[in-house]
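K.L.:
Here are the chains, one letter per residue:
2 protein chains.
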Amino acid sequence: MHAPPVQRLITELAKLPGVGGRTAQRLAFHILRETDEDAFALADAIREVKERIGLCEVCFNLADGPRCRICADDRRDPAMVCVVEEPGDVIPIERTHEFRGRYHVLGGALSPIDGVDPDDLKISELYARLGDGEIREVVLATNPTTTGEATALHIADHLRTRHPDIAVTKLASGLPVGADLEYADELTLGKALVGRRAL
Amino acid sequence: MHAPPVQRLITELAKLPGVGGRTAQRLAFHILRETDEDAFALADAIREVKERIGLCEVCFNLADGPRCRICADDRRDPAMVCVVEEPGDVIPIERTHEFRGRYHVLGGALSPIDGVDPDDLKISELYARLGDGEIREVVLATNPTTTGEATALHIADHLRTRHPDIAVTKLASGLPVGADLEYADELTLGKALVGRRAL
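Taken in order, these protein sequences are the chains called L and W.
For reference, each letter of the first sequence is one residue, going 72 to 270 in my numbering.
For reference, each letter of the second sequence is one residue, going 72 to 270 in my numbering.
There could be a bad hint or two in this list.
[What the hints assert, rightly or not] Listed next, with one range per pair, are the computed distances between beta-carbon atoms:
(1) W:78 <-> L:260: 35 to 41 Å
(2) L:147 <-> W:136: 56 to 62 Å
(3) W:78 <-> L:231: 35 to 41 Å
(4) W:128 <-> L:123: 38 to 44 Å
(5) W:78 <-> L:146: 17 to 23 Å
(6) L:125 <-> W:254: 50 to 56 Å
(7) L:86 <-> W:148: 34 to 40 Å
(8) W:149 <-> L:125: 56 to 62 Å
(9) W:196 <-> L:254: 54 to 60 Å
(10) W:144 <-> L:255: 57 to 63 Å
(11) L:253 <-> W:254: 24 to 30 Å
[What the hints assert, rightly or not] Which chain W residues stay away from chain L? Per the calculated CB distances, all over 12 Å, these:
(12) 186
(13) 195
(14) 218
(15) 254
(16) 268
Rather than coming from a laboratory, the hints here were simulated on the basis of the structure.
Virtual Cβ for every residue (Gly too), placed ideally from N, Cα, C.
Generate coordinates for the entire structure from the input sequences, incorporating the hints supplied.
P.N.:
Okay, here's the thing in structure tokens:
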């Protein structure tokens, strides 16, 4: 029904997460309506990001050079490392302005069912970073999901035996700010109770 | 917070309709995760669509040559023309398989407030097509909105005086199939009543 170039664009757009056939068609018609300049800016941005962005050689975060901006920043505390699953997880933590250390991006979470073993993640690379004795605390900030928790436990076990001098912490579990107790799920509320703090 | 190429991609993605900052970031990280091949396929599809798709010289629908596939198709009934606002409106009508004529894409709807006058649309081009006497019916399929209805009335007025021999019809207004009377808005229900048909 569409001319081949239009159909091809719709097909490619529909591969994006959360974009179904209808949305892909709407986006394609938008691109057809905009100026060549605007459309080419998007096409070039996609090319550029794939050509210029790689992984930081230290922490495996996204980087436009050998090291990411955080690893290259001397003002960041070299004694703290926050371990996250994906590059996208660095952004929300940075937005809090509560963490001044560096990161280590695992590239996923352990999931034996999906065939993701420790060798598939940057776990040995994390352990290698701990070798020089500069790091004093590892903050495990994997997602509060089954695979994320399993990954945190796996790393915590290793650190406890091999690096008993390094503090290992994880993000607090509890009620999100602004939540309503009435609608909190029992797992979250349970964790909030177990982790209650003195006022 | 992001490396410049990543930020640039997020900015460009956020210009797409219905894509906010968060979604743009999620799409950008998806593009960063996929293979170069997949990402370049999307970038190339955007470029290709802008370079190869233009407007049909007859009906102003999207076309990858001088004429769109519908105008180039001899099996389509040359006596019927369906007038729509945008190229995207052709697709849903084609999907019904109820229309075997050709189209005329106006490129928008009359809207004096937004400065859209008859000269800004392909209205005179429509009248020019009617000159050769081949067209027997014009189906006005503009959107059932204020501007769409105004555009249909504008064209209908002209046709009634200049081409009294050409039938002018418009899409039926009424309840959508599967609708619930209880939740129908009064305008739609009113049109369904006025347009009631004998059984």
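K.L.:
Are the hints correct? Go through all of them and say.
P.N.:
Okay, the hints, checked on the actual structure:
no.: 1; hint: W:78 <-> L:260: 35 to 41 Å; in the structure: holds (38 Å)
no.: 2; hint: L:147 <-> W:136: 56 to 62 Å; in the structure: holds (57 Å)
no.: 3; hint: W:78 <-> L:231: 35 to 41 Å; in the structure: holds (39 Å)
no.: 4; hint: W:128 <-> L:123: 38 to 44 Å; in the structure: holds (41 Å)
no.: 5; hint: W:78 <-> L:146: 17 to 23 Å; in the structure: holds (21 Å)
no.: 6; hint: L:125 <-> W:254: 50 to 56 Å; in the structure: holds (53 Å)
no.: 7; hint: L:86 <-> W:148: 34 to 40 Å; in the structure: holds (37 Å)
no.: 8; hint: W:149 <-> L:125: 56 to 62 Å; in the structure: holds (57 Å)
no.: 9; hint: W:196 <-> L:254: 54 to 60 Å; in the structure: holds (57 Å)
no.: 10; hint: W:144 <-> L:255: 57 to 63 Å; in the structure: holds (60 Å)
no.: 11; hint: L:253 <-> W:254: 24 to 30 Å; in the structure: holds (29 Å)
no.: 12; hint: 186; in the structure: holds (17 Å)
no.: 13; hint: 195; in the structure: holds (21 Å)
no.: 14; hint: 218; in the structure: holds (17 Å)
no.: 15; hint: 254; in the structure: holds (22 Å)
no.: 16; hint: 268; in the structure: holds (30 Å)
Against the hints set out earlier in the document, no violation occurs for any number.
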